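Trainee: Got chain R sorted already, so can you dock chain C onto it with the hints?
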Amino acid sequence: MFVNQFLFLAAILFCIGVYGVVARKNAVLVLMSIELILNSVNINLLTFSLRNGSTDGHTFALYIIAVAAAEVGVGLGLVLLVYRNKRSISVDDLSEMSG
Amino acid sequence: MQHLNILVAQWVAPTIDYHGLAPELVVAGGLCLVLILDLFIDERKKWLLSVISSFTLLAAMIPVVTLALSDTSVRSMIGDRYVVDSFSLVMKGVFLLSGYVVVLLSSSHLEEGEYWRGEYWFLLLSSLLGMLMMTSSRDLVSIFVALELLSIPAYMLAAWRKRDPKSNEAGVKYFMLGVFASAVMLYGMSLLYGVTNSTLLVDIASQITATGGFSSVHALAVVFVIVGFAFKVSAVPFHTWAPDTYEGAPTPVTAFLSVASKAAGFVALVVLIYSAFPLVQSIWQPFIWVLSALTMTVGNVLALRQHNIVRMIAYSSISQGGFVLMPLAVAGMPGAGSSALRAVVLYMIIYAATNLGVFAVILAVSRKTRSGEVTSFGGLFSYAPTLGVLMTIFLASLAGIPPLGGWIAKFAAFQALLQSQSTWGYVLGVVGAVNSVIAFGYYGNVMREIWMRPVPDGDTTPIRTPGSLGLALGITTVATLTFGIFPGIALHFADLAEIAGAVIR
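Sequence lines, in order, name chains R and C.
Every letter in the first sequence is one number past the one before it in my numbering, and letter 57, counting from 1, is 59.
Every letter in the second sequence is one number past the one before it in my numbering, and letter 93, counting from 1, is 512.
Everything labelled a hint here was simulated from the structure, so no lab data went into it.
Every value quoted in this text rests on a predicted model; they were computed, and no experiment measured them.
Misleading hints may appear alongside valid ones.
Partial pick of chain C residues on the chain R-facing surface, computed with a CB cut under 10 Å [as the list claims (entries may be wrong)]:
(1) HIS422
(2) TRP535
(3) GLU567
(4) ILE571
(5) PRO572
(6) TYR574
(7) PRO584
(8) ASN587
(9) ALA589
(10) LYS592
(11) ALA602
(12) VAL603
(13) LEU605
(14) ASP663
(15) MET752
Computed list of lysine-lysine pairs in DSS-like fashion (alpha-carbon distance at most 25 Å, straight line) [to be verified]:
(16) C:LYS465 - C:LYS581
(17) C:LYS585 - R:LYS88
(18) R:LYS88 - R:LYS27
(19) C:LYS585 - C:LYS787
(20) R:LYS88 - C:LYS464
(21) R:LYS27 - C:LYS585
(22) C:LYS581 - R:LYS27
(23) C:LYS464 - C:LYS581
(24) C:LYS787 - C:LYS581
Note that beta-carbon positions come from the ideal geometry of N, C-alpha and C, so glycine has one too.
Looking at chain C on its own, in the form it has when it is part of the complex:
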């Protein structure tokens, strides 16, 4: 008790950099506004809430841009526990823009179904706030709080269709495995705190090998923490929730989970690997190597036998996650660190644009066909040529065909593996190359349906796409094509990405 009293007497209030916190503050303000307005406005005017949410996200982009242009390159608060550096700014931009596209995808979907609209926007914004926090957190406590802030609303969003047993099941499975994973991660974090006597990532980095070498407790701590985030990014063998949750959840929520929530998991992994664990790479490198190889292969092989399009995209996004893990498996090797970081950031930017595009097309088509089967895309080109062409572009980008965005992302990932100049890197590269070919099997199957097969029920009335969905399609198409044809634009952002205080070899 005395000990606590002494510490309390020494306590000084931290200085807060309000400019640095502005994106989070804008989103926090926006979500409070949505929550309060939802109580007072009439049911027929609930569409206003979607407008407020989308403007909140766009308004939060303004401070991200001004911060990027400001002279101070690194702003750290609360004793370096909350840091705004170029990596966090780039990822904040990705989260805000993908959040904006998800709002566009959701608005027409929500208008037509029986949904509880006000709470939907509130939960979506809270989850995004957690993601924004995650990009800046450089302390175990704030990483944990950010992870829960982004996950708990996502559990509720997955179970959003209250009367639909499939949606219930999606929510419960996501919740049970998500909470179990964060509990295991917390046990790892408690051990990490025990062996390093700090929760600050940079202190952990310097303390973890302070005694020279490391024991099994160190290994257990590092592995448990990585397992926690492997659940979040649905890496095999921790992927079992993903297909069921993606299939059962409302489709815009699936788009959100497969892009933003997954990217948040990768952000945490990257920050931990570069800021906290650079000196114990012999523990996590083999582990991530195995995760990456398994994730790519199992995701692809299971995707080949799916008949439901959302389930197929779920397995495809699992295998894409393996490609993001691929450069991280060599991130600790001399000379490969910075190109691995660049590859991961680049992959996340391009994957976000492309995968959101796929979901925009799926939503537009299912408005007419009311079906989730791959065969419902039969003859799409004959009655909705634009959607057919766009879906082909997005799928080709996911498969990594030049000159589309996905090709640049895969190229950077393989480049990082080659720069490691190690046998393990080369072997993983071969596994990745084989998987790129397998992936074409199921992407090509959808393309064949679109271009060559007849319309299943002969109904060739054109598809009416609502404006918001059209805007979402426009944004994602422009991003996918631009990043592919002018890779310099995406590379520019990925090159900026530096984690303040990180040890990069």
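This is chain R alone, in the form it adopts within the complex:
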């Protein structure tokens, strides 16, 4: 099996995700970047699980998929809340407090 290729794919997805979180200003795109990181984790877990012949990784990935859905639900709710009050979903506009 091409273990290295899968891990490499996961590492690239992780890096793209981190870049997206840091560089993107649109809150929805930040959420999507976080999803990319979570999916890279799932690829990692499934690859290791198949290589090691244990099911712990499969279980872990299922939990991550379920919890990620809950997280995005809350995240989009918060983004909507901000949009209602500010008519903008840019992360830069969140600057009421600083220092």
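Mentor: For chain C alone, coordinates are given in the frame of chain R:
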């Protein structure tokens, strides 16, 4: 697929120890009750929900006490993945009692503001359930689920004032950075699973050095997992969300985040360090050392220039977090392990009592002054002497002045550093000592306002403190004073704290 089928055929249902799970079950039952009752009861009777929540938390204390008194010292379930040992019992007690105080702080605050009350109690209890789970989790999967169960409701609580842009901002910042941190932590956990072929912490401990030595993948895995929890405990440089979230969130929620949520992060760090990473201390010790020194110093220096009291306490709680990390930085050295564990548990117990007390006073005073400025405390002693004295006691305890609780906590932390008998330990001790002095600068500033400055607007009508807030003040004052004057009581609980299956040097 065949492989899965074989495993399914071998599967046997795990035995569940219902006595061991009783605290969690009580809280789970209570939160379902609150959620359902909220649908049916009249708006004017919503105060009942706060009563139910507080009784749920007190009822959950009963099994914690019976478990502590029972003969079985360690109960492990589901193949050692969920363990009730003395460490988890002590921390469960801390979480339940601080949850109870937060309920007391919230109830009068919620009655007066425009809040969605039913959901508030539901979310508070779910978050506490996650914390209770965290104390017992000894597996990467259950640690992850517990972390999310305690964080996701907290994101919503921070954004609770829906129409207030500040509260929205607090929630979104907390959410974005929290989720990013848990994603990074998960990547670390997946690597950890890859190199050790297990998600069980004790197996990870034995497998992580099985090949002799470790590679960069091991280091990356350990560091990423610790980074995830460093966000949760707002350690510098992962603290950027904390001041904004603390300032924007409703004040009782801030009290909850700065005490319970932070303690939950430390619980996870302690369990990981003692159960999963004892043999790779050369990876995490320098990392935690740097985190601790930075957290203490940056938190303190930034706290010095704050004018908003909640923001100042936010930076103060960041720097207090550095003091909790301090003993962990030497936890892997021979002879220092058990005293470091004791110091961390002791610090968390005393810090919880003191910091909740500070927030109780802030809530009581802001009911009258409607202001968050430090100057709004001017002349507090002249018109509300009790609150003035109590605030002085709490701040002095945070600063570590004997004979108050905070002094014992700092003493234990420095003691652990000395027991490591290493240069790194001594250097960190000096950094901590310098920071204790700096911290007095901003705590002393508030005290000066209370005792020496005039009342800013000349309004000296006494402050009416509602009963629930008074009870919260009473509990936290008694705890702060008792732990300081009779340190044996707090030490008794901290000495009990042993993590089952952990390697302690």
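Trainee: Run the distance test for LYS585 (chain C) versus LYS787 (chain C): straight-line Cα separation, threshold 25 Å.
Mentor: holds (21 Å)
Trainee: For the pair supplied as a hint, LYS464 (chain C) and LYS581 (chain C), confirm whether the alpha-carbon distance does not exceed 25 Å.
Mentor: Distance ~22 Å between LYS464 (chain C) and LYS581 (chain C) Cα, so the pair holds.
Trainee: So, LYS592 (chain C) near chain R? Judge it on the closest CB pair being under 10 Å.
Mentor: holds (7 Å)
Trainee: For the restraint on ILE571 (chain C), tell me whether the closest CB of chain R is nearer than 10 Å.
Mentor: Hint holds; ILE571 (chain C) Cβ to chain R Cβ min 6 Å, cut 10 Å.
Trainee: Can you confirm whether the C-alpha distance between LYS465 (chain C) and LYS581 (chain C) stays at or below 25 Å?
Mentor: The hint holds at about 19 Å.
Trainee: For the pair supplied as a hint, LYS585 (chain C) and LYS88 (chain R), confirm whether the alpha-carbon distance does not exceed 25 Å.
Mentor: Holds: LYS585 (chain C) and LYS88 (chain R) sit about 11 Å apart, inside 25 Å.
Trainee: Would you check the hint for LYS27 (chain R) and LYS585 (chain C), treating anything up to 25 Å between C-alpha atoms as holding?
Mentor: holds (19 Å)
Trainee: Quick check on ALA602 (chain C) please, does its C-beta sit within 10 Å of some C-beta on chain R?
Mentor: Nearest chain R Cβ about 4 Å off; hint holds.
Trainee: Restraint: TRP535 (chain C) near chain R, CB-CB cut 10 Å. Satisfied or not?
Mentor: violated (13 Å)
Trainee: Grab the minimum C-beta distance from TYR574 (chain C) to chain R and call the hint holds if it beats 10 Å, violated otherwise.
Mentor: holds (6 Å)
Trainee: Does the alpha-carbon distance linking LYS88 (chain R) and LYS27 (chain R) stay inside the 25 Å limit?
Mentor: holds (15 Å)
Trainee: Answer holds if the nearest beta-carbon of chain R is closer than 10 Å to that of ALA589 (chain C); otherwise answer violated.
Mentor: Where the cut-off is 10 Å and the nearest Cβ of chain R is about 8 Å from ALA589 (chain C), the hint holds.
When each numbered hint is compared with the structure, violations occur for hints 2, 15, 20.
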